Each structure stands twice: as C-alpha cells, then as structure tokens.
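Heads up: the protein sequence lines correspond to chains A and B, in order.
Anchor point for the first sequence: position 56 equals 56 in my numbering, and the numbering is continuous, going up by one each time.
Anchor point for the second sequence: position 221 equals 221 in my numbering, and the numbering is continuous, going up by one each time.
Take these hints with a grain of salt, some might be off.
[Stated by the list, open to error] If you want a taste of the chain A side facing chain B, the calculated C-beta under 7 Å gives, among others: (1) G24; (2) Y25; (3) S33; (4) F34; (5) G40; (6) P41; (7) G42; (8) G46; (9) R65; (10) R66.
[Unchecked claim] With a Cα cut of at most 25 Å, we get these calculated SDA-like pairs of lysine to any residue: (11) A:K22 x B:E31; (12) A:K29 x B:S39; (13) A:K22 x B:A48; (14) A:K29 x B:S38; (15) A:K22 x B:E35; (16) A:K22 x B:A42; (17) A:K29 x B:A42; (18) A:K29 x A:P68; (19) A:K22 x B:A44; (20) A:K29 x A:L11; (21) A:K29 x B:E35; (22) A:K29 x A:R54; (23) A:K29 x B:G36; (24) A:K22 x A:R66; (25) A:K22 x B:R49.
These are calculated hints, taken from the structure and not from any lab test.
None of the values given here were measured: they were computed from a predicted structure.
Note that the Cβ used here is the ideal one computed from N, Cα and C, for glycine as well.
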Amino acid sequence: MRISQRSDPSLLVLVSLAEGPKHGYALTKDIESFAGVSLGPGSLYGCVARLEARGLVEALPAEDRRNPYRLTAAGAVALQEELDRLASTAALGLRRLAGGRP
Amino acid sequence: MTRTRWSEALVLAYPAGWRRQYGPELARLGEDLVEGGSSRLAVALSVARGGVASRFTGNGMPPVSALWAERTKWRLAAALSPMVIASWSLAIWLSDGWQRAQAFDRIGAPAWIANDAWSVEQLTVLAGLIVELLVWSVAFDGLKWGRQCRPRALSVVLVMPLLAVAASVARTTLGGRQSGSHVWSVAGGVGHYVTTTTTVVAHPLAAAILGADATGLRLGSFTLTPLAVLLAVRRAPADPYLIGRAVRAGPGGRSSRSAPSSPSRAGSPGSPSRGRPARPSSRTCQRILATWASLHGGRS
C-alpha cells in the first residue's frame, strides 16, 4: 500500500531528464514506466514551465511542435541534492523500522 | 473539428503569454496522448485544470520580484473578499430563511423537461460543485504562495452568475409560459431551466443551504457579486507572463526566450512569438518596469 498517491512531478521530470533530452510525450511515458504515475499534459507542462523558469531544465530546438527538454547543470545539481536528501531519509527510515521490529 | 483544432482549442485555457511559449507543444502532446490511447476527456480535463491554475498562480512565469507577488496577492484578496461577503450576506438577508437541504425540492423543473430533469439537475449540481471547488482551490493556492496571481482570471467565476442574471431578465421580460405562445413558452422554459441550473452550478454550496429558488440568492449574490468582483478586478494588470518577460529583459529589451542563454528557443518552429521582444501592455506594467529598473539599474 502506497502512503502517498501523489509523487512530486518536478522530481519525476528531473529524474526522467537525467537519462537524456525528452519531449513531452516521451517524458509522460518514461515517468509512467518507472514511477507508475500517469501525468496529464496540464500537470506535466505546469511542472516543465516551473522548472524552466527556475533554470533547472532548458528547451532544445523544436521538431514538429515537439520541444525536447534537457537538464541544465543547475538542474543536475538540484536533482543530486534532492536525491541525496531522499536517500538519507529512506536509509534512516529503514534503519528505524529494522530496529523497531520485535 | 480536426485533431489539431481540438487540441489547440484546449490550450486556450492558458493565458496568452503562456500559450505563446508552450501552446504548440502542449497541443501536440495532447494529440500524441490521444493517439497513444489516452482518453480525450482526461486530456481535456488535465489541460483545463492546468490552464485555470496557471491563470491564478502565474505558474511558469519567471520569478521576477517580491513586489509583483505582494501586489497581486492583495489584489486577489481584494477581489475575493467582496464576492464571499456580498454573496452570502445578501443571500441570507434576502432569502426567506434557512432552508437546509431543500435545494433539490425547490428547483421545480419546467414541465416540458419531464421526469428525467431530476437526474440532469443532480448531475449539474455535482459538476458545479467540482468547478467551484476547482476554482477556489487554485485561488487559495495563489493566495497561499503569493505568486503572480491574476485577479482578472476571476472572470471564470462570473460566467455562470451573469448567465443566470440574463436568464432571469429574459424570463421576466418574455413572460414565460403564461403568454400562450408556443415560442415564448419554450423560451420561458429555457430561461427557467438555465436560471435554476446556473444558480446551483455557480454557488452549489449556497444553493444547497438556502434553496436554489430563493429570491435573495438570485438577486443578491448573482447581481451584486459580479459587480463587486468586476470593480475589484477592473484595475487588474496585464498578462503577467508578458510582464515577467519584459521585466527580465529590461525596458525595451528582448524576452528571456530569445536571450543568448537559451539560443535554441529563439525562432524555433511552431512558436511564432518566440524571439519577439516582450512589450508591456498597460500603465501598471509600465510602473512595475520603472520600479524594477530603479531598483536594479535596468539589469535583466
């Protein structure tokens, strides 16, 4: 059972772009495959717009109205920091769960 | 309507500045998703919600300054407050008392709609409740975060109340079914139905408590509330996306999309406005630009 049904779309988008540039449809399908989250176009582009405004992703030249996006250097740093934070939280939680078991 | 046209129509939910930057690719994504097996309705709902949220929160706009956020936060509060206070106080004052849970009984659908009107109205109430919760959720989100809110977007809330007022006037003027004419009878019936359904659609919570047929609910909240909101938003600033781009680029400069830091965006196909300089379109925008320039020496 999942505690939270809503993953952070920004993090999911950054993780997806860490693999390489992707356009909207490829992002949606990739996120669906690795996170099981089906992002609607409105949610996805709201997220992409926020990330681009913060300089974490940038657009590449469009191909037939499909704009690929890629992670910027600042985006890679931000993603690394966020994943480190999540990893430490996960490790702590797992340690506490293991210690608390009868 | 072709595929392209429906997807481009959906993107109209977003502000103009946003559409210029992301519209073509968002429309294309919608088409791709439908071709890939997604429900067109789900795609449409997602885009609609994103558009409404974007209009209220300025999502996607470059973070310009605390000045803008502070101004728009209070403007949105000023726009929302009279709406809440006026609608509820007048509705309670002018109605014939608290009639809890009587809304459905008091709707009184026209005879020509037959018995299935009951379910139609129930569905309409549910749809209205969803719409209202959506609108208010994004409005409060805008207040909470103090982003580049756009009070003029409250026009979304005004559509159905104004329709209700128009229908009430039309119904009264035409005389409804008492005139004996078949045409007037149908027109009166339509007016009556639109009035009752838009009443519960626009303010379903108020209608559920006070009764959808309450005179005060119609004449009070649906007449003065739009006026109050219109007064509050009359001085609403221009499209925040355009202002944000202009502020970032500096007066007379080019938008961030065409800046050297993102050369790949400038003049890219499918986005006719990319590469254009963003121009302020209102006196408010000019004042913000001047303030920004004085604070930052015109730096982008």
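Checked hints:
| no. | hint | verdict |
| --- | --- | --- |
| 1 | G24 | holds (4 Å) |
| 2 | Y25 | holds (4 Å) |
| 3 | S33 | violated (13 Å) |
| 4 | F34 | violated (17 Å) |
| 5 | G40 | holds (3 Å) |
| 6 | P41 | holds (5 Å) |
| 7 | G42 | holds (2 Å) |
| 8 | G46 | holds (5 Å) |
| 9 | R65 | holds (4 Å) |
| 10 | R66 | holds (6 Å) |
| 11 | A:K22 x B:E31 | holds (17 Å) |
| 12 | A:K29 x B:S39 | holds (15 Å) |
| 13 | A:K22 x B:A48 | holds (24 Å) |
| 14 | A:K29 x B:S38 | holds (11 Å) |
| 15 | A:K22 x B:E35 | holds (18 Å) |
| 16 | A:K22 x B:A42 | holds (22 Å) |
| 17 | A:K29 x B:A42 | holds (16 Å) |
| 18 | A:K29 x A:P68 | holds (14 Å) |
| 19 | A:K22 x B:A44 | holds (22 Å) |
| 20 | A:K29 x A:L11 | holds (15 Å) |
| 21 | A:K29 x B:E35 | holds (13 Å) |
| 22 | A:K29 x A:R54 | holds (24 Å) |
| 23 | A:K29 x B:G36 | holds (10 Å) |
| 24 | A:K22 x A:R66 | holds (9 Å) |
| 25 | A:K22 x B:R49 | holds (24 Å) |
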